[in-house]
Amino acid sequence: MEENKTLQFYQEKHSHYLINLDKEQEKDSIGYFTNEHLRMGAGYWCIGALLTIKSQEDLQREKMISFIKSCQHPNGGFGGNIGHDPCMTSTHYAVLLLCMYDALNEIDHELVSSYISHLQNKDGSFNGDEWGEVDIRFSYCAVSSLTILQKTNKIDCEKAALFIDQCQNSDGGFGAVPNAESHAAYVFCAVGALGILKRLDLLERDRLGQWLAQRQTPSGGFNGRPEKLPDVCYSWWILSSMFIIERQNWCSFEKLTKYILDCQDDETGGIGDRPGNMSDVFHTYFGSAALSLMGKYELAPIDPKFALPVDILKKVIP
Amino acid sequence: LLSLLAMEEEDRDSLEEEHEFVPFRERSGWEDVVPVPQDDGPTPVVPIAYPPHFVEVMDYFRALLSKDERSERGLALSEEVIGLNAANYTAWQFRRACLYALNKDLHEELKWASQIGKENPKNYQIWHHRRALVEKTRDPAQELSFCAEMVEEDSKNYHAWSHRQWIVKEFDLWSGEVDYTETLLEKDLRNNSAWNHRFYVLTHQYPPDEAVRKAEIAFASRYIQRAPNNESAWNYLKGWVRMAESPRSYDTIQELCNGVLQEYPDCRFALSVLVDSFEGEHTKLSLEKAVEICTHMVERADVMRAKYWNHRRQNLEEKARVAP
Numbered sequence: 001m002e003e004n005k006t007l008q009f010y011q012e013k014h015s016h017y018l019i020n021l022d023k024e025q026e027k028d029s030i031g032y033f034t035n036e037h038l039r040m041g042a043g044y045w046c047i048g049a050l051l052t053i054k055s056q057e058d059l060q061r062e063k064m065i066s067f068i069k070s071c072q073h074p075n076g077g078f079g080g081n082i083g084h085d086p087c088m089t090s091t092h093y094a095v096l097l098l099c100m101y102d103a104l105n106e107i108d109h110e111l112v113s114s115y116i117s118h119l120q121n122k123d124g125s126f127n128g129d130e131w132g133e134v135d136i137r138f139s140y141c142a143v144s145s146l147t148i149l150q151k152t153n154k155i156d157c158e159k160a161a162l163f164i165d166q167c168q169n170s171d172g173g174f175g176a177v178p179n180a181e182s183h184a185a186y187v188f189c190a191v192g193a194l195g196i197l198k199r200l201d202l203l204e205r206d207r208l209g210q211w212l213a214q215r216q217t218p219s220g221g222f223n224g225r226p227e228k229l230p231d232v233c234y235s236w237w238i239l240s241s242m243f244i245i246e247r248q249n250w251c252s253f254e255k256l257t258k259y260i261l262d263c264q265d266d267e268t269g270g271i272g273d274r275p276g277n278m279s280d281v282f283h284t285y286f287g288s289a290a291l292s293l294m295g296k297y298e299l300a301p302i303d304p305k306f307a308l309p310v311d312i313l314k315k316v317i318p
Numbered sequence: 001l002l003s004l005l006a007m008e009e010e011d012r013d014s015l016e017e018e019h020e021f022v023p024f025r026e027r028s029g030w031e032d033v034v035p036v037p038q039d040d041g042p043t044p045v046v047p048i049a050y051p052p053h054f055v056e057v058m059d060y061f062r063a064l065l066s067k068d069e070r071s072e073r074g075l076a077l078s079e080e081v082i083g084l085n086a087a088n089y090t091a092w093q094f095r096r097a098c099l100y101a102l103n104k105d106l107h108e109e110l111k112w113a114s115q116i117g118k119e120n121p122k123n124y125q126i127w128h129h130r131r132a133l134v135e136k137t138r139d140p141a142q143e144l145s146f147c148a149e150m151v152e153e154d155s156k157n158y159h160a161w162s163h164r165q166w167i168v169k170e171f172d173l174w175s176g177e178v179d180y181t182e183t184l185l186e187k188d189l190r191n192n193s194a195w196n197h198r199f200y201v202l203t204h205q206y207p208p209d210e211a212v213r214k215a216e217i218a219f220a221s222r223y224i225q226r227a228p229n230n231e232s233a234w235n236y237l238k239g240w241v242r243m244a245e246s247p248r249s250y251d252t253i254q255e256l257c258n259g260v261l262q263e264y265p266d267c268r269f270a271l272s273v274l275v276d277s278f279e280g281e282h283t284k285l286s287l288e289k290a291v292e293i294c295t296h297m298v299e300r301a302d303v304m305r306a307k308y309w310n311h312r313r314q315n316l317e318e319k320a321r322v323a324p
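From first to last, the protein sequence lines are chains A and B.
All residue numbers for the first sequence refer to this note's numbering, where the first residue is 1 and numbers rise by one.
All residue numbers for the second sequence refer to this note's numbering, where the first residue is 1 and numbers rise by one.
What the hints contain is simulated information worked out from the structure, not anything from laboratory work.
Keep in mind it's a predicted model, so treat the numbers as computed, not measured.
Ideal Cβ positions, reconstructed from N, Cα and C, are used throughout, including at glycine.
Be aware that one or more of the hints could be misleading.
To be verified - Which bits of chain B does chain A cover? Going by a derived footprint, with three or more residues having C-beta under 8 Å, they are:
{"no.": "1", "region": "226 to 233"}
{"no.": "2", "region": "279 to 288"}
{"no.": "3", "region": "302 to 308"}
Kindly produce the complete structure, drawing on both the sequences and the hints.
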């Protein structure tokens with residue numbers, strides 16, 4: 001990629017890249033099959049990106065809904081792919097995807113909600129699956145999914161919020177579990193969940209806002225922890241958190257925009273984690289979503305708490 | 001977190017090797033199993049060109065899964081699936097089911113898991129597997145050294161540090177941890193994870209007293225003097241500053257900051273900590289000094305975060321106005 005190219009957002013190229021992901025991957029088939037357990041996640045990032053960039057491509061609604069439903073287990077949970085065991089993250093991705101297709105009525109809300117709610121522990125935390133791993137990612141997935149399905153009455157919301165609060169550190173950030181190192185992705189999970197639960201009173205906006213603002217490096221990109229390298233996905237985790245706590249003006253939109261645009265591949269389309277690196281669907285979605293939050297390029301507005309297009313979310317949560 | 005999306009060249013090559021793959025029809029003891037092909041439906045959403053031996057392994061795996069067959073061959077097959085794709089969490093769950101059903105030696109399993117862990121350092125499942133096993137064995141003997149080995153490869157491996165924290169707390173293995181963090185900081189004083197672990201150990205074993213606080217501020221200061229632009233060391237310092245109990249506590253901090261600023265007048269970390277300590281002191285004079293520094297930040301030292309420093313300044317101006 002040339003140094004002095006005009007900074008623009010390659011909307012058409014990204015659309016083309018996303019639609020052709022499956023064909024792209026044949027060249028990369030070895031790499032792709034090791035991500036087969038992430039198919040549901042990849043579906044969400046792909047469709048999410050296409051909606052964000054207002055692509056005119058056919059989103060293969062029937063096929064996708066059929067795929068999603070075939071990943072569901074009798075206990076209500078969804079696996080990451082056909083034949084994969086159910087887990088909280090895949091279930092959340094499935095709910096988000098169905099939401100994007102306006103197809104939530106294709107599944108039994110009671111059944112999915114029961115799966116999610118039975119994973120809550122006495123201390124308010126959530127397990128990722130039957131085998132008991134605890135992490136605030138699962139708190140976020142549970143709270144978000146149940147709010148979309150309008151079944152939050154099935155969990156103890158108060159305890160859920162209090163557990164997230166336990167993951168708050170003295171620097172204002174949040175880690176995966178109590179006392180774990182503050183990390184931007186876990187900050188998003190905490191702030192998103194607390195925002196959805198309307199419990200932002202539990203965090204210190206100024207202190208957290210400062211920690212988040214400090215993640216912006218001279219290149220304009222955000223890192224996830226002090227003294228680490230920037231990565232495009234943190235543009236989303238951090239910027240959305242800043243929007244939720246209303247401190248988004250504490251970072252430089254101009255510099256962040258430039259960083260994200262630098263991470264595009266102007267030949268193949270798509271966005272990579274750093275300038276010059278290979279594109280992937282995950283970074284393409286989160287880079288685009290961050291640009292949308294900043295109001296750039298007339299992209300579809302994305303809700304910072306749910307990471308879903310605003311107009312789609314409105315249909316579900318009036 | 002999701003760096004497994006970008007595959008390393010070497011991983012790709014090793015997957016492409018057939019590893020002397022023996023087709024199942026040539027393996028004895030598998031004759032009764034009918035392989036279950038992946039059902040992607042008539043028009044697959046995202047069709048994938050899998051390598052042939054992968055297809056066979058997965059077909060046989062699905063067969064055993066559908067019968068919930070927790071057997072020796074199931075265990076062996078789980079290893080094969082994990083070898084092809086260590087992130088396949090279903091394979092790990094099935095493996096655990098087999099291990100427990102067969103009453104296998106979990107200490108041996110942990111040794112095997114260490115090997116796989118070294119090959120797949122960023123993989124959640126491997127760490128969760130270890131934790132599940134150690135929860136059963138109640139024996140942490142291998143854990144700290146395993147974490148240390150993984151940290152040797154990737155000093156900020158989030159899973160490794162998280163696991164270490166759990167082991168230390170669960171089994172009361174606090175002694176040696178503070179020294180361990182120092183060894184790591186000597187190798188890389190920007191290791192945020194090591195700084196975080198140090199703070200964790202010192203604040204969780206016992207409530208820290210003033211002597212510990214003073215010693216740790218001095219500890220952080222030494223590293224700050226070596227590299228004044230190291231955010232991690234300053235953040236560590238801030239953690240202890242927040243615990244300041246008396247106004248005299250601020251003198252040392254301010255001395256350190258001013259020392260750094262003599263050589264690096266725009267060091268935003270030193271300036272930021274000065275603002276915090278002046279705010280903590282909470283006299284009219286100290287608050288006014290804090291306001292001045294905020295202006296310095298906005299104009300020169302931290303222009304990217306100018307709006308933050310404006311907000312801070314407004315806050316401090318208000319406090320200064322009503323301060324005695």
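Three or more residues of the region 279 to 288 of chain B near chain A by CB distance under 8 Å? Violated - the region 279 to 288 of chain B has 0 residues with a Cβ nearer than 8 Å to chain A, which falls short of three.
Are 3 or more residues of the region 302 to 308 of chain B near chain A, judged by a Cβ distance of less than 8 Å? Result for this restraint: holds, n = 4.
With a Cβ-Cβ cutoff of 8 Å, does the region 226 to 233 of chain B contain at least three residues near chain A? holds (count 3)
Going down the numbered hints, you'll see the structure goes against just number 2.
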